[in-house]
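Asks: Letter by letter, the chains look like this.
There are 2 protein chains.
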Amino acid sequence: MTWLELADDTPFGLDNLPYGAFSVGGVPERRIGVPVGEHVLDLTAAAAETAAAFAPLLTSGVLNPLLAASPGTWREVRERLRDWLTEPRYADQLRKHLVPQGEVTTHLAFEVADYVDFYSSEHHALNASEIFRPDAAELPPNWKHLPIGYHGRAGTVFASGTPVVRPRGQRKPRSADAPSFGPSRLLDIEAEVGFVVGAPSTVGTPVSTEDFADHVFGVCLVNDWSARDLQAWESQPLGPFLAKSFATSVSPWIVPLAALDHARVEGPKQDPEPFDYLRTTENWGLDLALEIRLNGHLVSSPPFATQYWTAPQQLAHLTINGASLRTGDLYASGTVTGPERDQRGSLLELSWGGREPFELPDGQTRTFLEDGDEVVISGTAPGPGGARIGFGEVRGKVLPSPG
Amino acid sequence: MTWLELADDTPFGLDNLPYGAFSVGGVPERRIGVPVGEHVLDLTAAAAETAAAFAPLLTSGVLNPLLAASPGTWREVRERLRDWLTEPRYADQLRKHLVPQGEVTTHLAFEVADYVDFYSSEHHALNASEIFRPDAAELPPNWKHLPIGYHGRAGTVFASGTPVVRPRGQRKPRSADAPSFGPSRLLDIEAEVGFVVGAPSTVGTPVSTEDFADHVFGVCLVNDWSARDLQAWESQPLGPFLAKSFATSVSPWIVPLAALDHARVEGPKQDPEPFDYLRTTENWGLDLALEIRLNGHLVSSPPFATQYWTAPQQLAHLTINGASLRTGDLYASGTVTGPERDQRGSLLELSWGGREPFELPDGQTRTFLEDGDEVVISGTAPGPGGARIGFGEVRGKVLPSPG
Numbered sequence: 001m002t003w004l005e006l007a008d009d010t011p012f013g014l015d016n017l018p019y020g021a022f023s024v025g026g027v028p029e030r031r032i033g034v035p036v037g038e039h040v041l042d043l044t045a046a047a048a049e050t051a052a053a054f055a056p057l058l059t060s061g062v063l064n065p066l067l068a069a070s071p072g073t074w075r076e077v078r079e080r081l082r083d084w085l086t087e088p089r090y091a092d093q094l095r096k097h098l099v100p101q102g103e104v105t106t107h108l109a110f111e112v113a114d115y116v117d118f119y120s121s122e123h124h125a126l127n128a129s130e131i132f133r134p135d136a137a138e139l140p141p142n143w144k145h146l147p148i149g150y151h152g153r154a155g156t157v158f159a160s161g162t163p164v165v166r167p168r169g170q171r172k173p174r175s176a177d178a179p180s181f182g183p184s185r186l187l188d189i190e191a192e193v194g195f196v197v198g199a200p201s202t203v204g205t206p207v208s209t210e211d212f213a214d215h216v217f218g219v220c221l222v223n224d225w226s227a228r229d230l231q232a233w234e235s236q237p238l239g240p241f242l243a244k245s246f247a248t249s250v251s252p253w254i255v256p257l258a259a260l261d262h263a264r265v266e267g268p269k270q271d272p273e274p275f276d277y278l279r280t281t282e283n284w285g286l287d288l289a290l291e292i293r294l295n296g297h298l299v300s301s302p303p304f305a306t307q308y309w310t311a312p313q314q315l316a317h318l319t320i321n322g323a324s325l326r327t328g329d330l331y332a333s334g335t336v337t338g339p340e341r342d343q344r345g346s347l348l349e350l351s352w353g354g355r356e357p358f359e360l361p362d363g364q365t366r367t368f369l370e371d372g373d374e375v376v377i378s379g380t381a382p383g384p385g386g387a388r389i390g391f392g393e394v395r396g397k398v399l400p401s402p403g
Numbered sequence: 001m002t003w004l005e006l007a008d009d010t011p012f013g014l015d016n017l018p019y020g021a022f023s024v025g026g027v028p029e030r031r032i033g034v035p036v037g038e039h040v041l042d043l044t045a046a047a048a049e050t051a052a053a054f055a056p057l058l059t060s061g062v063l064n065p066l067l068a069a070s071p072g073t074w075r076e077v078r079e080r081l082r083d084w085l086t087e088p089r090y091a092d093q094l095r096k097h098l099v100p101q102g103e104v105t106t107h108l109a110f111e112v113a114d115y116v117d118f119y120s121s122e123h124h125a126l127n128a129s130e131i132f133r134p135d136a137a138e139l140p141p142n143w144k145h146l147p148i149g150y151h152g153r154a155g156t157v158f159a160s161g162t163p164v165v166r167p168r169g170q171r172k173p174r175s176a177d178a179p180s181f182g183p184s185r186l187l188d189i190e191a192e193v194g195f196v197v198g199a200p201s202t203v204g205t206p207v208s209t210e211d212f213a214d215h216v217f218g219v220c221l222v223n224d225w226s227a228r229d230l231q232a233w234e235s236q237p238l239g240p241f242l243a244k245s246f247a248t249s250v251s252p253w254i255v256p257l258a259a260l261d262h263a264r265v266e267g268p269k270q271d272p273e274p275f276d277y278l279r280t281t282e283n284w285g286l287d288l289a290l291e292i293r294l295n296g297h298l299v300s301s302p303p304f305a306t307q308y309w310t311a312p313q314q315l316a317h318l319t320i321n322g323a324s325l326r327t328g329d330l331y332a333s334g335t336v337t338g339p340e341r342d343q344r345g346s347l348l349e350l351s352w353g354g355r356e357p358f359e360l361p362d363g364q365t366r367t368f369l370e371d372g373d374e375v376v377i378s379g380t381a382p383g384p385g386g387a388r389i390g391f392g393e394v395r396g397k398v399l400p401s402p403g
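Respectively, the protein sequence lines represent chains C and X. Just so you know, UniProt numbering puts 144 at position 144 of the first sequence, and the rest follows in order with no gaps. Just so you know, UniProt numbering puts 95 at position 95 of the second sequence, and the rest follows in order with no gaps.
Where hints are given, some of them may not hold.
[As the list claims (entries may be wrong)] No more than 16 Å apart at the CA atoms, straight line, and that leaves these computed lysine to aspartate or glutamate pairs for EDC-like:
#1 X/K269 with X/E282
#2 X/K96 with X/E49
#3 C/K144 with C/D271
#4 C/K144 with C/E122
#5 C/K144 with X/D177
#6 X/K144 with C/D177
These are computed hints drawn from the structure, not numbers from a lab. The model shown is predicted, which means the values in this text are computed figures rather than measured ones.
Looking at chain C on its own, in the form it has when it is part of the complex (with noise of 0.2 Å):
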């Protein structure tokens, strides 16, 4: 089926060719590439010297433009790269543009527009009402009329491998009679799932769940670092701000929705009855498997079809007000946590609130993140024949504060 040597259990097979930036050695010079087997192929070069016509695309380093094509473009460069990729007359052309994984740096994959982070798992909204108000856990009033979002900062989401330094400011232990400054004390993660926005939208037309496809090109894997005193101090009544605007940290390659059509499964059942504009007839539940590894241990393996809100319900709401898209607009799922224990997706849950310190098999126990400890977030999903798509991962280590 290839003339490459792929093993069967590939996370990047033929099926998945996600995309994303790299750059080889000390060479700064950044190239769109798409991971196959154990190598990354040099999309960039492969495109100029096979005269593609949408090489124009991809020589800029970021995937901005080839995002701002259209749909269309999107599956030409797909069906051509499978081409190129089971063809055996394009193995001596393509073999020297492959590059192992391991020579590769890869870099933020696309420039940031608007950055929007959305609430839209159930489980982890109960599980937070009911770590800080154990006697009156509830949903938000309007949690299940609409999918809840925010805006978060596009100019500090980092590409994976980016150290995170601990941030400093303000909090306020509700047992305190005044604020004080200093290091973040309850530094944590949030494992969550990304939307990349290619196609733009015109401002005052709302994009409907149906034209999800049309617009949003591909997924990665999102770590929403979050300062949860920072947080707790600073937002009421506007929201999060400064707990959330140090770090986000996306996973390198671009999976395309193409990509993803064995992962689409049905979503939750909803209950009422979403508005119209947030009603869909196609299935946008995803199946992805999520992993959360604290220092090399697995602790958590949040499921990302337990979402209540799927993509296309948080994008039709993201524009029913008129606002537009651009291309490179990214939006998070907000944190993915399932019903079980070992299923979730931040620090705050899975120590409840740091009143019940998790174990690592190492010995050590964790209520939050401390210095030098590394997160890594991966995902796979289910593709076609038992192949898996691999997401790769998301990582990020914690520097300590300066001051």
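Got chain C sorted already, so can you dock chain X onto it with the hints?
Replies: Just chain X now, with coordinates in the frame of chain C:
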């Protein structure tokens, strides 16, 4: 003092010299311009003709390359402008680059990177509290400890003059059992002052209040259009989202900080004393006089000098967690409201939550905006020797919702 004929009371005299983007007639090409008296100097053309060293910063049709340059370059351009406009030997060369203001179309002056909106008027925050909780009005507990802010949508920051389509969305009046969907019934404005970041900062390195003028290039007027009914229903727990993201309008001319020397005043006394990172040694209160006109009628005159938190404090707060600044970041003051009734910066306050309709001189009354209403926010600051520094205006007309 100048070879130009300038009225003594012009808001665009030689002590102002703000920057913007404009085009002329049907020609789509955008150029950088500086309003002077009744004209706009085509700075792009003038710099090219005189082979100024900074000419390459002015060719992209937006201010971003100039913004990204150092404060030294900003000073150099400003000094050159003043030379050109005062030395008679430049008159012939420059006169042909002066376009009557009536002939230019202004555009968004810069590409917005991240947009942050603060909430820094004590009078506004108290009014909002009193309107919604008449019996228990108070500032949020964090309000005097930090300048509350949140991220908005950069992609829907529009040039002055862009019509604003009434947004649709969900709302649930307190009296209703369930939310409903439709065009906003409580469409409002917020008169604000915006600060435009020029020189970027490094991730992990907070910008101190002292370094404010090394990063912020200039100041503009902002109308933060707000749908109060959408806001009330969606904002808990993560803050305003669709209630604000449909449109934010900004004035065309960015007034450089250097033009505001005579407007600098001591900020209000702050009690409690803020944390170290929020303390300031220089005066950066700004004595800007705003005016809000609704369908041509003056309805309010908010005094910016009454803001509790100053712009350097907002910038220091924005970055204290290590978040970096990018060229083109815009942060707005929050609604500017003074102590008097005719100094309120929103219709929410002017109509006291809609309970006290206010009368316009033409006999009409308003609570919130009606379709076809046009809002103009203008502003001036004191200049040297009794001169006024004009900010021009930010204008927008409400169009009916399409659905």
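Asks: Measure nothing beyond the straight line between the CA atoms of X/K144 and C/D177; if it is 16 Å or shorter, mark the hint as holding.
Replies: With a Cα-Cα distance of about 14 Å, the restraint between X/K144 and C/D177 holds, given a limit of 16 Å.
Asks: If you draw a straight line from the CA of C/K144 to the CA of C/D271, is it 16 Å or shorter?
Replies: Answer holds: C/K144 to C/D271 is near 7 Å, not above 16 Å.
Asks: Taken at face value, is the distance from the CA of X/D177 to the CA of C/K144 at most 16 Å?
Replies: With a Cα-Cα distance of about 14 Å, the restraint between C/K144 and X/D177 holds, given a limit of 16 Å.
Asks: Need the status of pair X/K96, X/E49: alpha-carbon distance at most 16 Å?
Replies: holds (11 Å)
Asks: Verify the proposed pairing of X/K269 with X/E282, using a straight-line Cα cut of 16 Å.
Replies: Holds, because 14 Å separates the two Cα atoms, which is no more than 16 Å.
Asks: Is the straight-line distance between the alpha-carbon of C/K144 and that of C/E122 16 Å or less?
Replies: Satisfied, since the Cα-Cα distance of roughly 9 Å is no more than 16 Å.
The structure fails none of the hints (numbered hints given earlier).
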